[in-house]
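Input sequences plus hints: build the corresponding full structure.
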Amino acid sequence: MTAEAQPGAPAQVVEQALYEVRKTIHPRAVHGWFAGWRWALVWATQLVFYGLAWLPWNDRQAVLFDIAHRKFYIFGLVFFPQDIIYLTILLIISALSLFLFTAVAGRLWCGYACPQTVYTEMFLWVEEKIEGDRMARIRLDAAPLSLRKFALKAAKHGAWIAIALWTGFTFVGYFTPIRELWDAVGSFNTGPWETFWVLFYGFATYGNAGWMREQVCKYMCPYARFQSAMFDQDTLIITYDPERGEPRGKGPGKGHCVDCSICVQVCPTGIDIRKGLQYECIGCAACIDGCDRVMEKVGYPKGLIRYSTQHAMEAKLTRAQMLKRALRPRVLVYSAVLWAIIIATGVTLWHRVPLKVDVMRDRGALSREVEGGMVENIYRLQIMNTAEGARRFEIAVGGQPTLTLASEATVALEGAAALMVPVKVRVQPGALPAGTHRIDFSVRALDDARVAVQEKSVFIVR
Amino acid sequence: MSQFTSSFWDLYITVITIVSIVACGVLLLAQSRRRVSGGTTETTGHTWDEDLGEYNNPLPRWWMWLFWITIVFGFVYLALYPGLGSYAGIWQWTQVGQLEQETARHQAQFGPIYDRYAKMEVAALVKEPAALAIGQKLFLNNCAQCHASDGGGSSGFPNLTDLEWLWGGTPEAIRTSIAEGRLGIMPPWGTVLGEQGVKDAAHYVMSLSGMPADSIRVARGKELFAKTCIACHGPEGKGNTAMGAPDLTDKVWLHGSSEPQIMQTIAKGRTDQMPAHKDLLSPSRIHLLTAYVYSLSRSDIAPHRK
Numbered sequence: 002m003t004a005e006a007q008p009g010a011p012a013q014v015v016e017q018a019l020y021e022v023r024k025t026i027h028p029r030a031v032h033g034w035f036a037g038w039r040w041a042l043v044w045a046t047q048l049v050f051y052g053l054a055w056l057p058w059n060d061r062q063a064v065l066f067d068i069a070h071r072k073f074y075i076f077g078l079v080f081f082p083q084d085i086i087y088l089t090i091l092l093i094i095s096a097l098s099l100f101l102f103t104a105v106a107g108r109l110w111c112g113y114a115c116p117q118t119v120y121t122e123m124f125l126w127v128e129e130k131i132e133g134d135r136m137a138r139i140r141l142d143a144a145p146l147s148l149r150k151f152a153l154k155a156a157k158h159g160a161w162i163a164i165a166l167w168t169g170f171t172f173v174g175y176f177t178p179i180r181e182l183w184d185a186v187g188s189f190n191t192g193p194w195e196t197f198w199v200l201f202y203g204f205a206t207y208g209n210a211g212w213m214r215e216q217v218c219k220y221m222c223p224y225a226r227f228q229s230a231m232f233d234q235d236t237l238i239i240t241y242d243p244e245r246g247e248p249r250g251k252g253p254g255k256g257h258c259v260d261c262s263i264c265v266q267v268c269p270t271g272i273d274i275r276k277g278l279q280y281e282c283i284g285c286a287a288c289i290d291g292c293d294r295v296m297e298k299v300g301y302p303k304g305l306i307r308y309s310t311q312h313a314m315e316a317k318l319t320r321a322q323m324l325k326r327a328l329r330p331r332v333l334v335y336s337a338v339l340w341a342i343i344i345a346t347g348v349t350l351w352h353r354v355p356l357k358v359d360v361m362r363d364r365g366a367l368s369r370e371v372e373g374g375m376v377e378n379i380y381r382l383q384i385m386n387t388a389e390g391a392r393r394f395e396i397a398v399g400g401q402p403t404l405t406l407a408s409e410a411t412v413a414l415e416g417a418a419a420l421m422v423p424v425k426v427r428v429q430p431g432a433l434p435a436g437t438h439r440i441d442f443s444v445r446a447l448d449d450a451r452v453a454v455q456e457k458s459v460f461i462v463r
Numbered sequence: 008m009s010q011f012t013s014s015f016w017d018l019y020i021t022v023i024t025i026v027s028i029v030a031c032g033v034l035l036l037a038q039s040r041r042r043v044s045g046g047t048t049e050t051t052g053h054t055w056d057e058d059l060g061e062y063n064n065p066l067p068r069w070w071m072w073l074f075w076i077t078i079v080f081g082f083v084y085l086a087l088y089p090g091l092g093s094y095a096g097i098w099q100w101t102q103v104g105q106l107e108q109e110t111a112r113h114q115a116q117f118g119p120i121y122d123r124y125a126k127m128e129v130a131a132l133v134k135e136p137a138a139l140a141i142g143q144k145l146f147l148n149n150c151a152q153c154h155a156s157d158g159g160g161s162s163g164f165p166n167l168t169d170l171e172w173l174w175g176g177t178p179e180a181i182r183t184s185i186a187e188g189r190l191g192i193m194p195p196w197g198t199v200l201g202e203q204g205v206k207d208a209a210h211y212v213m214s215l216s217g218m219p220a221d222s223i224r225v226a227r228g229k230e231l232f233a234k235t236c237i238a239c240h241g242p243e244g245k246g247n248t249a250m251g252a253p254d255l256t257d258k259v260w261l262h263g264s265s266e267p268q269i270m271q272t273i274a275k276g277r278t279d280q281m282p283a284h285k286d287l288l289s290p291s292r293i294h295l296l297t298a299y300v301y302s303l304s305r306s307d308i309a310p311h312r313k
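Sequence order for the protein chains is A and B.
Residue 31 in my numbering sits at position 30 of the first sequence, with consecutive numbering throughout.
Residue 274 in my numbering sits at position 267 of the second sequence, with consecutive numbering throughout.
Just so you know, the hints here were simulated from the structure itself, not pulled from any lab data.
Treat the numbers as computed from the prediction; the structure is a model and nothing was measured.
Treat the hints with care, since some could be wrong.
[Unchecked claim] Just a few of them, taken from the derived set where beta-carbon distance is under 7 Å, the chain B residues facing chain A:
1) S39
2) R40
3) R41
4) R42
5) L66
6) P67
7) R68
8) M71
9) Q152
10) C153
11) S161
12) S162
[Unchecked claim] Derived lysine-lysine pairs resembling BS3-like cross-links, with alpha carbons at most 25 Å apart:
13) A:K276 with A:K303
14) B:K144 with A:K425
15) A:K425 with B:K258
16) A:K357 with B:K144
17) A:K72 with B:K258
Where is the CB? At the ideal position from N, CA and C, for every residue including glycine.
As structure tokens, this is what we get:
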């Protein structure tokens, strides 16, 4: 940017702040097709979030992340820390989905499903019910403190804090059984960490959805910034059609934009979409709904502000031509990779055996001679029964001639438990030359032949 | 910091630390507002390459407060914790103090468990599965490296699961072995006996436990044994647990039972050391370990062991 000093201009000294005081944004409530979608997603995500924690499953909570005991229950599945790969895959799927949706239609996640948007939406609804619409709120903020203002603000913050605490409580309810937590809360008997996290998560909800709002998206969120790197010429973004709209105003010779400023009033981040794509735009489409209503009233066709692409605006593509370009290589590659990972994960989960075995060879004692000149090696088998019921398992060893198990061959394990089993393996004298020999341990459930795991190890003779 | 003879370095650290933090505040103040002369384009006033300016896209005010909070935090931290030279801080925090605190907390949590078992006899402990479970963990962490995780030992490291004991198998003897350690020495007899003498003695030793042996060598070896070996291994070769001399009549061989292995033991001697653990493990832990090791070979009185 070139800052040109104007020669000859009077040297007028101005003091300039390099930090900006936040101007509270009071978005005007909006109704319409996209607002309906936003509310549908608020309901969908929050019914799941608030409700799922209460769902029972096999005498336990259906979804519970028991960090203290390192067991993670998700419906019928029990995950152990060794299953961290599934968490990794989940994160990869989430990231790829974000790439895909962003490439197709911009910041869909931000506008419709991000908790920051969803809770802000809920908090705004509460605000409107208590303090009134946009104009009433602006007037209330400007008014001097009165009993009425105090009562309204107290009621609003009280309601917000109640929602926030319930959110914090529900969040902790995924890590500690929620019914027990409810009883503990009832008797003011929660543990120090439970108390901390309920309050902390509650505070974060209250602070972010009540106070910070668009500041989170503008200054804190990294996704908001790097999503713009996934946009291209054919990404659907919320676009003002200047060719139709300009020049603004009413009367003959003017464009369709009547300059009512509804699009600015409804914007939760306080921008003017008519200036073009801006990094603050979270893609919530509130301005589309707002503008469409006005267009309806003044008798112009809808869509002065609409989902469109840069390419479509420049080349004047028809809607069908524009949508067809959604199937461009970038989108197809994202989709293919995403589906490949989802299908592979599904198959892996389907074939997942609720049994894990780790073989640890004793490092100190290489091999030893026992009665009759037999050579013996010692192993420890870490057997994890990741099913929920108790089971008996049979240990077997093979892979080399005359290999026999010289210790107990069956072990019993409780449900979702791990046991360290010392195992002795012997060979006949002279059956194997000195050196290391590959052997295989197999562990299988006595009640179900499909629950079996094979692990390799080595047998050492010297 | 007693190793420093002058207090200069205390002062050095203190001054640098405080001046740096204050300088952060000054910088923040200096960069919050600026006076510009004229012009309508709002820029930060920074100019690069002669005419390249930067638009003023101001950070939110609350962000600036975060900077101030870190500065306040810095001073509060330096008041509470050591950070300014030799100043110990209001809370007198030290790493050693924290370690002691955590040790005390650990002791308060697990001490009662160990205390309860410390009062019980070994013979009673072997009937307590919970005590043996702790003993097993201690064994796996401290003993399994040599004696193997099942206690079965290895070449040179005794098997703890049989009833043959080098130094005695009573709870007291086991406790002494763990706490004080043991040093078992078989002196080398190669030069005294000569090669044939060593072979004769080896065959006699093999005959003691019923292994096939050359009868002529056995007869010659018996005489050598009576002269050189009985001092430690006894007239019948039954060994002596007072000095860790092994019983030669059983089928347990610490260094191998083949002829060459036995000959090497006689000719070159053996030195086996069990390290002392009294400085590494507390008495109550050694007590539990004793019970666990005792239980390994005594399935007759330890019902939970197979």
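So, going through the hints one by one against the coordinates:
{"no.": "1", "hint": "S39", "result": "holds, 6 Å"}
{"no.": "2", "hint": "R40", "result": "holds, 6 Å"}
{"no.": "3", "hint": "R41", "result": "holds, 6 Å"}
{"no.": "4", "hint": "R42", "result": "holds, 5 Å"}
{"no.": "5", "hint": "L66", "result": "holds, 6 Å"}
{"no.": "6", "hint": "P67", "result": "holds, 5 Å"}
{"no.": "7", "hint": "R68", "result": "holds, 5 Å"}
{"no.": "8", "hint": "M71", "result": "holds, 4 Å"}
{"no.": "9", "hint": "Q152", "result": "holds, 4 Å"}
{"no.": "10", "hint": "C153", "result": "holds, 5 Å"}
{"no.": "11", "hint": "S161", "result": "holds, 3 Å"}
{"no.": "12", "hint": "S162", "result": "holds, 6 Å"}
{"no.": "13", "hint": "A:K276 with A:K303", "result": "holds, 19 Å"}
{"no.": "14", "hint": "B:K144 with A:K425", "result": "holds, 19 Å"}
{"no.": "15", "hint": "A:K425 with B:K258", "result": "holds, 19 Å"}
{"no.": "16", "hint": "A:K357 with B:K144", "result": "holds, 21 Å"}
{"no.": "17", "hint": "A:K72 with B:K258", "result": "violated, 48 Å"}
Violated hint for the displayed structure: number 17, the only one.
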